[in-house]
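Guided by the hints, dock chains G and V onto chain F, whose structure is given.
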Amino acid sequence: MCGAPTWAPSRCARDAGAAMTLIAQQILLGLLLGGLYGLAAAGLSLVFGVLKVLNVAHGELIMLGGYGAFWLFALLGWDPFASLLVVIPGALLLGAVLYLLLFGFVVRAHEEIRIKNSLLVGFGLALSLHALAVRLWTADDRSITTSYGGAVISLGDLAIPLIRLLSLAIALALIGGLHLLLARWRWGKAIRAAAEDWQAALLTGIDVRRAYLLAFAIGTALAGAAGTLVSVGYSISPSIGLEWTLKALIVVVLAGLGSMLGTFAAGLLVGVAEAVSATIFGGPYREVVGLIIFFVVLVLRPQGLFGRSTR
Amino acid sequence: MRAWTLAILLALALLTPLPLLVAREDVINFVLLVLLSITLAQSWNIIAGYAGQVNLGHAAFFGLGALTTRTLWIGGVPVLLALGAGAAVAVVFALLVGGAAFRLRGAYFAIGTLALGEILRTTVSNALPEISTLPEGSIAGYRLAQRYYLALVLAALSVVVVATLAGSRLGLGMQAVREDEGAAEASGVAALGLKLRALALSTGLAGAAGGLFAYYHISYYPSHPFGPQWTFEALLMTYIGGVGTLHGPVLGAVLYVFLKEYLTVRWVDFHLLIFGVLFIAIVLIFPGGLVQAAEGAHRWLTRRRGRRR
Amino acid sequence: MLEIRGLEAAYGDVRVLSSVSLTVGPGEIVALLGPNGAGKSTLLGCVAGLVRPRAGSVSWEGEDLRKTSPHLIVERGIAMVPEGRRLFASMTVEDNLDLGAFSARARAARRQSLERVLTLFPDLAARRRQLVGALSGGQQQMVAVGRALMASPRLLMLDEPSLGIAPQLVRAILDALVEINRAGVAVFLVEQNVRAALTLAHRAYILEGGRVAGEGRAAALLEDAHVRRAYLGPLAVRP
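Residue numbers (this note's numbering), protein chains in the order written: chain F, 2 to 312; chain G, 93 to 401; chain V, 3 to 241.
FYI, nobody ran anything at the bench for these hints, they're computed from the structure. Each hint should be verified, as a subset may be incorrect.
[Claimed, not checked] Which residues of chain F face chain V? A partial, calculated answer using Cβ under 10 Å:
| no. | residue |
| --- | --- |
| 1 | 151 |
| 2 | 152 |
| 3 | 198 |
| 4 | 200 |
| 5 | 203 |
| 6 | 207 |
| 7 | 208 |
Just so you know, these numbers come straight off a predicted model, no measurement behind them. Each residue gets a CB set at the ideal place from its N, CA and C atoms; glycine is no exception.
Chain F with its partners taken away, still in its complex shape (with noise of 0.2 Å):
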C-alpha cells in the first residue's frame, strides 16, 4: 500500500487506519462469536468434569435449543429472547430425560470404559438427532430475523451489531449464573464434591446419581441456551451439531476443566484468534487453525486431555 511510487503520506495514513478498523471490527466480531462459544464449551465441560462422560452429541442438543427458538418465533412470534424462558427449562427437562434413559446407565462403569462408552453413545444419539432433525425440518439453513435484527451500535469506526452484544451478554450472564450456583447452592456443592471424588461424596451422604442427572441436565441447558443465540446471531440446521461440538472441545481442550469462568474466557480467546487467523490467511482456513490448535495442545498436554488442578 504504501510503497508505491507516488508515495502520498496523507493517504498512506489513511490506509494503514482503514486496515487497522477492519481488523479491529473483525477481532470484535470474533469475540462476540467467542463468547458463544465458551457457552456452548461450559455445558460440555460440566458434563465431562462431573460425570467422566464425554457427550460428543453436545452440538446436537446446541442446534436443537437452535430449533426450539426458531420454529418459537416462526410458529408463535416469539423473540428469541425471551424464548430462552421456555428453551432453557425445556432443555433441562430434557437433559434429565438423556441421562435416565441413557447416559446414566453409561456411568455405572469405572472412569476409562465410561469415557469410551460415553463418546460411542453420544456418537449414536449425535447420528439419530441428525437424521431426525433432517427428518423433520429439512437440511436447510434457518436464521431468525427479528424487527430489531440489523441495529448496530457504532463505537468510533467499530459497528457492533446489537443482536450478537446482546447475546454476549446473556452468555455472560448464564455463566456467572452457573458459576454462583455451584459455588453456593447446595446442590451445587455436591455436584463438586461428586466431580472431585465420588466415593468420597457417596461417604459424605450426597446421592451421587442425583448429582450426575443435574449436571447432565444443567449442561444440556447451557447447550439449549446457546442454540437458541446461535439461532438469531447467525444461523443454525441439522448440520451445525459436529461443528459446535468441535468447537466446545477446542475450548475445552484450552481451559481445561474446573472453572466455568476459565471456559468462557477459552471462548472468547478461541474466537480472537480464530479471527485473526481468517485476517492472516483468509476466510476459508479459519476453521482450519483452530482445529490445528486443538490437536497440537491434545497432543502436548503431558496429563492427558484435561489436566485436572485437583489431586
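Just chains G and V, lined up with the frame of chain F:
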C-alpha cells in the same frame, strides 16, 4: 474363524461372474457399493477391533487415497499403480501423524482423529473447491466391470488381512492392547509398535478403498471422500456387525448398504436414525454386535434342543 | 448396634474376607487390628456400602444394609472417615464440613453439629475459610473427622486416622474420639497404631488374612502374648 474366512471368500468367488450374468447396471453398482463398504469397514475394524482404538478420522485416509489415485490416474499413471500410490500416501500420512496421535488414549485419540479428519476435509475443500470430472476419453472408455473386479479383489484382500492378523502374534498382541493398555505395556508388549503396524494396515486398506472410489466415480467434489460420513458409516457397520470379529463387519456392511438403499426411497436419512438407535443399543447391551447376538441366540436354541431330549 | 455375620468379600478371584463376624454395640469403641492387607478396609467398605459382599450379612439396628446405597447408609446413622481422608481439596474447610451434613437428618441438626465440631477442634474455627488443600495432614484429619460428625452419626467408622500425622495431633484426634464417644456415638476404628488403639478402645478384633484371628476386651488383648509378639514387639509400630 477359519470357516468364516473360507465362507466369505467363497461367497466373493461366487460373485465374480456377476457382470457377465447380469446386464442391469444398478445391481452391479449395488454389489460394488457393498464390496467397497466391506473393505472400508474391515479397514476400520483393524484399529478398533483388534487394537481397541476408536478412529474418528478414518475418512482422512479414504480421502487421501482417493485424491492421490485420482490425480495420478487422470495424469496418465496406470490405475493399479495409482491405487498403490494412494494407499502408500495414506499410510505415510498415518505414520507421520499417527505417532503423535497414538500418544493419546481412548476417547482422546477419538476426538483427536476427529479433528484431524476435519482439518483435512476443510483444507481440501478450500484448496480444491471445483468438481473433479473424468476427461472425455476416459468416460467413453469406462468399463464398470473393471471397477467391479477391483472392488471384489479389495474386499477379499481386506478379509484375508484381517484373518491373518487375528491369528498371528501381531493380532494377539493387539488384542492384549485392546483388553488392557496398562497391563499390555507392563508385560513387555511394545504397544506403540503394534499400534503403528495396525495403523499402517488399516490406513493402507482405507487408502486403497479411496483409490477405488476415485476410479469408480465419474465426477465428485475432491473433498467429498474426506467427509465424516465415511468414517461414521465404517464405524456403524463394524460395530453393528460385531467389532473385532472377522465376519461382523461383513455382515454389518451388507445390512447397512441394504437398508440404506431401500430406505432412501421414503425417508432420506432414515437408515441413519435406525442405525443410530441400534448402535446405542449395541454399545449398552450387546457390545459384540449382531455376531454376539446371533451366537447368543444359537446357544440358546441348541440348549433348548438338548433339554428336550 | 452393628452386627456382621459370616461376611465374605472378594475382588475378582481374590478372597479378601472369609466368614467374618463381629459386633459393635451402642456406645462402644471397638478397634479392628491386623497386618496390612488383612481386609480391614474392605470390611469397613462393606459396612459403608462401597463394597458389595459375596455372602454374609451386615445389619445395623436390625436392618440389612447390603443392598443400601452408601449415601442412604449415612442417612441411617453410619458415617465413615476413609483412609487418606479424601477431603474435597478444592473447597474450604467450611464447605467440606457443610457437605458433611448433606443428608436430610443431618441438615436439621446442622448448626449444633457445626458448633460441636468447632468446639472439638478449635484449630479449625480460625481456618474456616481456608482451602483444605492448604492445611497440614493433622488438620486435614480433623476436618475429615469433623465432616463425618456433621452427619450426626450414631456410629462413626475411621480407617487409619493416625496414618501420616504428627504424634501430637494424633493425640488430639484420639482424645476427640473419646469425647465423641462420651456423647453417645459408637466408634469402629481401624488402626495401625495398636497400642494407641487398644488404650482407647473397649473391645477389639484382630483380622489376619481375612479372618477373625482374635477378639476380646482391649485391656486383655494388651496383655495377650500373641498380640504382644506380633503387634507390640520391637518390630511393631511404636505409639
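Each hint tested on the structure:
1. Taken as an interface hint, residue 151 (chain F) does not check out: its beta carbon lies about 46 Å from the nearest beta carbon of chain V, beyond 10 Å.
2. Hint status for residue 152 (chain F) relative to chain V: violated, with the closest Cβ pair at about 43 Å, above 10 Å.
3. Given hint, residue 198 (chain F) at the interface with chain V, holds; its Cβ is 6 Å from that chain's nearest Cβ, closer than 10 Å.
4. The closest approach between the C-beta of residue 200 (chain F) and any C-beta of chain V is roughly 6 Å, which is under the 10 Å cut-off, so the hint is satisfied.
5. The beta carbon of residue 203 (chain F) comes within 4 Å of a beta carbon in chain V, closer than 10 Å, and the hint placing it at the interface holds.
6. Because the smallest distance between the Cβ of residue 207 (chain F) and any Cβ of chain V comes to about 5 Å, under 10 Å, the interface hint for this residue holds.
7. Here the hint on residue 208 (chain F) is kept, as its CB sits about 5 Å from the closest CB of chain V, short of 10 Å.
Comparing the model with each earlier hint shows violations of hints 1, 2; every other hint is respected.
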